[in-house]
Amino acid sequence: IKICYNKDFGGLIWIQNKDEKYFYSNGDVIASQAWTICTQMGYKNNYVMAGGMNEWYKTVMKSQYSGERITPKENALFETRFKARKLFTDINSLPDSLKVKFVEAKRKKEKALDGGCE
214 IKICYNKDFG
224 GLIWIQNKDE
234 KYFYSNGDVI
244 ASQAWTICTQ
254 MGYKNNYVMA
264 GGMNEWYKTV
274 MKSQYSGERI
284 TPKENALFET
294 RFKARKLFTD
304 INSLPDSLKV
314 KFVEAKRKKE
324 KALDGGCE
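Mind the numbering: the sequence shown is residues 214 to 331 in our numbering, read in order.
Be aware that a few hints might be false.
Pair ranges (Cβ atoms, derived) [said to hold, decoys possible]: (1) Y278 - N305: 42 to 48 Å; (2) E287 - L307: 28 to 34 Å; (3) N219 - G280: 24 to 30 Å; (4) C251 - F291: 32 to 38 Å; (5) N219 - P308: 35 to 41 Å; (6) E233 - F301: 18 to 24 Å.
It is worth saying that the hints were derived from the structure and are not from the lab.
Note that the structure is predicted; figures quoted are calculated from it, not measured.
Even for Gly, the Cβ is constructed at its ideal location relative to N, Cα and C.
All chains, please: the whole structure from these sequences, using the hints.
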């Protein structure tokens, strides 16, 4: 995975994973412009995070459970968002030198928890 940041282009960030490219910024205007340029240049599998980080923050970091009852689907969505919020908070509390090691250790632990026979 390659993660790139360009502060001169409005804080655009893109993540490249094999043949896929994901663009995002605070909103979705700058990311959409980058998507348009890449698509016009003939690159395939380009994606824009709808609403950018602002929408992600509003949806994930500020998600709340409210009401007396919640459906299993709503509960699963809330739990996923809560885990993403916790991971985001945990990673951002670390110094930069430990962030990559934290993510690698977490992936290794999750892979071990998948279980199954070997």
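Tested hints:
1. Range check, Y278 to N305: about 23 Å between beta-carbon atoms, so the 42 to 48 Å window is missed.
2. Hint check: E287 to L307, Cβ distance near 31 Å, so the stated range 28 to 34 Å holds.
3. One distance hint, 24 to 30 Å for the beta-carbon pair N219 and G280, is violated here, with the actual separation near 42 Å.
4. Checked against the hint of 32 to 38 Å, the pair C251 and F291 passes, with Cβ atoms roughly 34 Å apart.
5. About 24 Å separates the C-beta atoms of N219 and P308, a value inconsistent with the hinted range of 35 to 41 Å.
6. Look at E233 against F301: about 21 Å separates their beta carbons, and that is inside 18 to 24 Å.
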